[in-house]
Structures are given as C-alpha cells and as structure tokens.
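Engineer: What follows is each chain in one-letter form.
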Amino acid sequence: MNAAVLSGLLATEPPRFPAYQIHGLAGSSFKHEHLAAILDEGRQRGFFEVHAENYMGAGGPPHRALEALRRDHPISLHGVCMSIGGPEPLDKAHLARFRALVERYEPALVSEHLAWSTHQSTYFNDLLPLPYNAATLSRVCDHINQVQDAIWRPLLLENPSTYLAFSESTMGETEFLLRITERTGCGLLLDINNVFVSATNHGFSALKYLLDFPLARVGEIHLAGHAEQTDDEGDLLLIDSHDGPVADAVWKLYEIIIGRCGPVPTLIEWDSNIPGWSVLKAEAAAAQAVLDRYRRDARHAAA
Amino acid sequence: MLPLEPELASYATFASALLDPAGATPAVVTGPAGKGGDKRYNVYRNNVTVSLINELAAVYPAVQRITGVEFFRAMARFHVRATPPSSPLLFEYGRDFPAFIETYEYARDLPWLADVARIERAWLDAYHAAEAEPLSVDALASFPPEWLADAVFMAHPATRIVRSAFSAVTIFAANRSEAAVGPIDAGTPEDALIARPEADVIVRHLPEGGAVFLQALVSGQSLGEAAASALQASPAFDIATNIAGMIEAGAFTTVSAGAA
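Protein chains in written order, with our numbering: chain A, 1 to 303; chain B, 1001 to 1260.
Calculated directly from the structure, the hints in this document are not laboratory data. Keep in mind that a hint or two might mislead.
Computed, partial: chain A to chain B, Cβ under 8 Å [unchecked claim]: (1) H51; (2) E53; (3) G60; (4) R64; (5) C81; (6) H94; (7) S117; (8) H119; (9) Y123; (10) D126; (11) L164; (12) F166; (13) L237.
Note that CB positions come from ideal geometry on N, CA and C, so glycine has one too.
Given these sequences and hints, build the entire structure.
Structural biologist: Next up, the structure:
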C-alpha cells in the first residue's frame, strides 16, 4: 500500500478548533454578559470554563458565543448535574448530550462533581452530599467509568463543599476520592474554596485535608468566594456561594498547593452577583501571578 | 416490594424534605460532634428553592417587572414546590408556569399576565432553537408564481406564535425594555410572532389574521389554504403585508411546490 493511500485511510476529520495548551494557565467562569468585553480584547492568555448544561440547547446565541470564545481560547467543560454521586443510573440522554459537547468543542478540561441532584425524576438543582462507604464508592466508580467510556477521556471529579455528613459514612472524603481515582483512572478537580468551606463547617483542618488529598491526580483547581452564616449553635457556617472575591485564607492555601503540585490550571468561579469583566479578569490575573511565580522560582532553583 | 438497601433509603430520606419547609431534618445526617442539623439542612433546602425561583425569574423577567419582585417570588415559590423540574436542563423549566399564573388567585386582577408569560416562554424556546437559514426574499421571488397558491413552507425551528385576548405583546415589549412603562390599554387582542431571523430573538405584533395565516402555514397547509383561513377569520387580512412580514422575521426556511 503506498503512502498516499495509507494517509488517506488514516485521515480523520481535522479538529474544528485549535488545540491550545492549558498547563500553567489561570481562567475564569464564562458569563454571557461578558462576551462583548472579552471579544473586544481579542485573544488573551487564559481559559474559560462553561457549565455544560447551558450549552445543551440545539442552537442560538449560547452556541454562537461558545464558538467565538473557543476559536481563541482553551475551554474547560464543567458539568453540574450528571448526578454521579446519586443512587440511580445515569441519565443516558444527558450523558449523550454531554458527550456531544465534548466532541463539538474539544475542551482542554472536562469535569463533574462528586454529588447528586436528581432523585426519582425530580431535579433539585443543587449539589447534594452522599454517604462515603463501600456501596456508594462502587456505584460512583461505575458512573465515572460510564462517563469516561462515553467521552473517551479521563474526567476530573470535583470535591464537594458540604454542610452535613451522613452518619453511615465509613470513610473520609480524601480516602473516598483516592479510591475513586485508583479504580477509574479519573483525575481530580481540587476546589480549594470547597475544602475551606467544608473544613470550617465540619471543624477539621483544611491544610491537613489538602495534605491527605491525592494531589498527584489533580488536573485543575477551582477558587471561589464564600459567604458567612451561623449554624444552630451560633457558630460560623460557610456557604459556597460563588458570589464574591476569593478569601485571603483560600489564596494562602492555594499558594501552598501550587508549591506542591506545580502550575495546575486554575479557575476563578463567580456565579452570582456577577461583577463587570474587569473585576473577574483581575481575580484570574491574581491566580496567574501565583502560577507564574512558581515557574520563575522553579527556573531559579534549576539554574 | 423489596426493602431498599439502607444507603439507597438514606438518599430518599435526605431528599424527602428538600421541598417541604415544614418537614423535619432527616435523621440520616448530622452536624459535626453532635451539633444540630436544622440550619445546616436548611442551606440545602434554601439552595434548591431559591435557585429554582431564580431560574423562573430569569425565564420570566417581564412578569417579574409587572408584579414586583416580592409578589413574583411568592408566586414562583408556590410553583417550585408544587412542580419542581424533572429535567436538569433548566431552560426547559417553567413550561407549566403560565397555566399556574392563570389559576393563581392573587394574580386574578392581572388576567393578561399568563399570556405575557407565554410570550416569554416562547422567547426562550426561540433563543435555544436550532440554527437554520431563513427563506430569503429572492428565493420566494424566484418561485414560479403559478404554483404559489399550492406552495408549502417549512417553519424555522425558532418560530412560535402566541395568541392573546389581551394586549399581551404591548405589555411584554414595554416590560422587557429598561424604559419606564406608561399606561397601557390591556383590552385589545394581540397576537405575537416570536422568531430568530439572525442571532437575536424578535417578537412582532401580528397584523389582523396574521396568527391564523402563520399557524396554517406552520402546520403544513398551502399558501392558498392559509390565506383563505385568515380571510375567513379577519376580512381585513392583507396577504402581501403578511408575507413580507413573515419573510422579514425569518419565520420560514424553505418554500416548495405543494402536493396538489
């Protein structure tokens, strides 16, 4: 067989979008109201993360926006409602829609949550907590394998923020996540604000949790703002609200983690009380500065 | 029936009171070191209800502007608790909301409110509809005139028609703009064409007979049949104006010779 025939047989459809590098970059949530400001700036260093479900309609302005964004930037596709931690089988139609988005937009990162949101045909629109034990571990792993088989790539699974714990849990969250990565080969999306929120709410050390975390499996980091309330005893209860700047304590934990993990792609999440683009962009630039400092320090150390 | 595995039952228990403000905090969960779970569980309960009310507010901004935020959120809370979403695609949520508004006793003084909601729901459907190239003036002009009476049209995926016994289109338009809303005579029947000729959704107030005409075309009737139905419904129906309007709005994608 000659080379031309062989290359003809091997030829696959060319990618519709450039394969941008995402390592070492900071990014931000993409909000439709920022589209004009972002496009005005042209191609920028950084990436955007979108909630997959917002692009599951057939067409219209959401897809036009995402296409325009994806032409110039790497994209992270973040699923919110697969209900991977739920007791019921995954919704096959939803999984097919998720797969179609991965194929269409060729995201640099694909992630979902260790949580559930659907129970007996009611969709609760929240990331609900699950018990951590052998039975739930096995089911979560089945669900992740199903997703990975559908999208042909590893999924990044995000650690949750929680307010309550199940009394029937038999293992800790970091052990549960470690076993998931071992069984499924998936990566992890480490949300440091979630760690800080859960640590405050459950009275454990955020730093100890992070040192127990399977850091070698982390493919993305999330940073976000939280709000303060009180629990039944009048003690501080943190709410994972994504409605403001990242807290100083979360920035400190982030610098420690980058020191250990290297320049992992980092996203600033901001989903409510959304500020102007310049504010969100400045928050992403602060994360980028931490990533760049790591690289500079690493070069000096090597020199 | 087989008993549920205990850990499956605990999900059901956790979910049971999420939409029930009077329900007790499920016994399967606890705060740390024996702390109470009520306010902690309420965080989830609040997230569920408030986020779904926010979704309805995002789909129905004109309805919220008309009623005021407090009235809207109380009305939406009733609906969210009675009819939570069954799909994770929240742009599909709230289809039953216009019918709910019609039966909501505190909204009886606003009989046109449900129709304004129907236009807003159609607006969101048009926004997410599939892409398609609208039928151009040139394509229609080059269609053989002797076949026009039998011609059939293919509707654009975004095209929706909403009919109202009230001035729903005027009320909708006034309350989806930033400008102050002056007095509106609510009692004039108005029909709306919702379409997406290019990137953006448009809402047009249809001339007399226009809704009957377009509904007939969308359902696959020929141009001749559709015009006859429209004339019967409204003697003032003007076919040239209506054809020009539907082309300008991009309501159809193709024209073809009918079966006749």
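Engineer: Now tell me, hint by hint, if it's right for this structure.
Structural biologist: Here's how the hints hold up against the structure:
Given the 8 Å rule on beta carbons, the hint for H51/A is violated: about 10 Å separates it from the nearest Cβ of chain B. Proximity of E53/A to chain B holds as hinted, the smallest CB-CB distance being about 6 Å (cut-off 8 Å). Because the closest C-beta pair between G60/A and chain B is about 5 Å apart, less than 8 Å, the hint holds. Proximity of R64/A to chain B holds as hinted, the smallest CB-CB distance being about 6 Å (cut-off 8 Å).
The beta carbon of C81/A comes within 4 Å of a beta carbon in chain B, closer than 8 Å, and the hint placing it at the interface holds. Hint on H94/A holds. Least Cβ distance to chain B is approximately 6 Å, under the 8 Å limit. Taken as an interface hint, S117/A checks out: its beta carbon lies about 7 Å from the nearest beta carbon of chain B, inside 8 Å. Interface hint status for H119/A: upheld, as the beta-carbon distance to the closest one in chain B is roughly 4 Å, under 8 Å.
Interface hint status for Y123/A: upheld, as the beta-carbon distance to the closest one in chain B is roughly 4 Å, under 8 Å. Taking 8 Å as the C-beta contact cut-off toward chain B, the hint placing D126/A at the interface holds, the least distance being around 4 Å. Hint status for L164/A relative to chain B: holds, with the closest Cβ pair at about 4 Å, below 8 Å. At its closest, the beta carbon of F166/A sits 6 Å from a beta carbon of chain B; the interface hint therefore holds under the 8 Å criterion.
At about 7 Å, the closest approach between the beta carbon of L237/A and any beta carbon in chain B falls short of 8 Å, and the interface hint on this residue holds.
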